[in-house]
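Participant: Here is what each chain is made of, one letter per residue.
Protein chains: 2
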Amino acid sequence: MQLLEDRIIRDGKVFPGNILKVDSFLNHQIDVSLLEDIGKEFRRLFENDGVNKILTVESSGIGIACLTAQQFGVPVVFAKKSQTKNIAADVFTAKVHSYTHGRYYDIIVSKEFLKPEDRVLIIDDFLANGQALLGLLKIVKTAGAVPVGAGIVIEKGFQEGGKLIRETGLRVESLVIIDSMDEKGNVVFR
Amino acid sequence: MQLLEDRIIRDGKVFPGNILKVDSFLNHQIDVSLLEDIGKEFRRLFENDGVNKILTVESSGIGIACLTAQQFGVPVVFAKKSQTKNIAADVFTAKVHSYTHGRYYDIIVSKEFLKPEDRVLIIDDFLANGQALLGLLKIVKTAGAVPVGAGIVIEKGFQEGGKLIRETGLRVESLVIIDSMDEKGNVVFR
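One line per chain: the protein sequences are A and B, in this order. Quick note on numbering: my numbering labels position 9 of the first sequence as 9, and the sequence is numbered without any gaps. Quick note on numbering: my numbering labels position 181 of the second sequence as 181, and the sequence is numbered without any gaps.
There's no promise every hint is true.
Pairs involving identical chains hold if they fit within one copy or between any two copies, as the list cannot separate such chains.
[Unchecked claim] Simulated crosslink set (SDA-like; lysine to any residue; CA at most 20 Å straight-line):
hint	residue 1	residue 2
1	Lys81	Gly102
2	Lys115	Gln2
3	Lys40	Arg166
4	Lys111	Val74
Honestly, the hints are just simulated from the structure, not real lab data.
Between the sequences and the hints, there should be enough to build the whole structure, so can you do that?
Facilitator: The structure is reproduced here in structure tokens:
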């Protein structure tokens with residue numbers, strides 16, 4: 001998606017440890033008109049897949065998921081992150097390893113909001129090591145719902161997440177894939 | 001807002017401790033078309049106030065803020081919750097007491113995204129004891145920006161937050177105000 005590549009070049013910042021900060025337009029400050037365009041692109045990509053629910057995980061996925069859901073005319077469900085040890089019986093849950101914070105957390109979705117008749121498009125801002133996406137996928141499968149695919153805004157193509165997720169058979173559509181980047185601001189897109 | 005009152009009566013659930021669960025349409029599963037109507041109503045209420053930024057706090061405010069920002073054609077900034085002890089120098093911060101979890105946490109906004117020229121509409125899903133809103137207001141004032149008002153989806157009129165916030169002089173517009181509710185599902189709107 002050219003618009004997004006241009007925006008990353010213009011406003012993204014690369015920090016040591018392969019960190020790409022896009023918090024001026026995607027995940028702290030949010031350019032809602034850019035999210036509209038992102039939503040339209042996901043709609044185009046998954047137009048014929050009978051999507052009736054958008055699933056994401058708090059927090060930075062929520063805005064993208066809402067603007068995408070608007071294009072599909074379907075509801076959003078966002079998984080909640082939890083570090084409490086007591087998980088209620090009426091929720092689906094998956095354990096996610098955070099490489100960034102060096103710990104595990106649970107993501108949780110109420111059983112009320114994911115049913116076998118659901119055809120679920122999973123949306124997230126980043127795909128890097130793929131752990132959060134694997135957790136969301138596990139929850140969709142546990143619910144007996146159909147995961148029609150994952151719509152990712154930015155995939156770090158030099159990390160293993162994309163390969164890991166595609167090997168499960170899930171269709172992954174990333175609007176941009178970054179093959180390499182450095183702190184001088186050079187970002188190479190696939 | 002009649003549409004919202006009807007929806008609360010139909011799908012809201014009251015639990016002991018004056019807890020109103022609206023997670024089937026507002027803060028776990030999200031009815032995006034309802035959020036569109038909410039956004040239009042906030043736009044109508046703050047139409048002539050020169051709003052150029054929407055501020056909220058993660059997570060459940062983000063969807064509402066995005067659909068509201070869409071109506072105004074302005075960006076969203078969402079404050080992040082943090083429990084880390086080291087707060088960086090390049091952020092505005094406020095300490096917030098959570099009655100629900102019985103502890104304090106910090107909310108944080110990067111200084112890059114709030115400037116003296118900003119006219120800020122604060123958006124949140126609930127106003128109960130008002131602590132989160134006070135924190136957001138403090139951040140706007142510290143930034144030297146103008147808080148034009150707060151747009152709240154559901155105000156619990158029987159808790160002290162609304163009074164507390166209005167006493168600061170901030171204009172508060174709540175789409176519904178609940179005067180009382182009980183576990184039999186009786187909800188009385190103001």
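Participant: Which numbered conditions among the earlier hints are violated in the structure presented, ordered from lowest to highest?
Facilitator: When the structure is compared with the hints, numbers 2 and 3 turn out to be violated.
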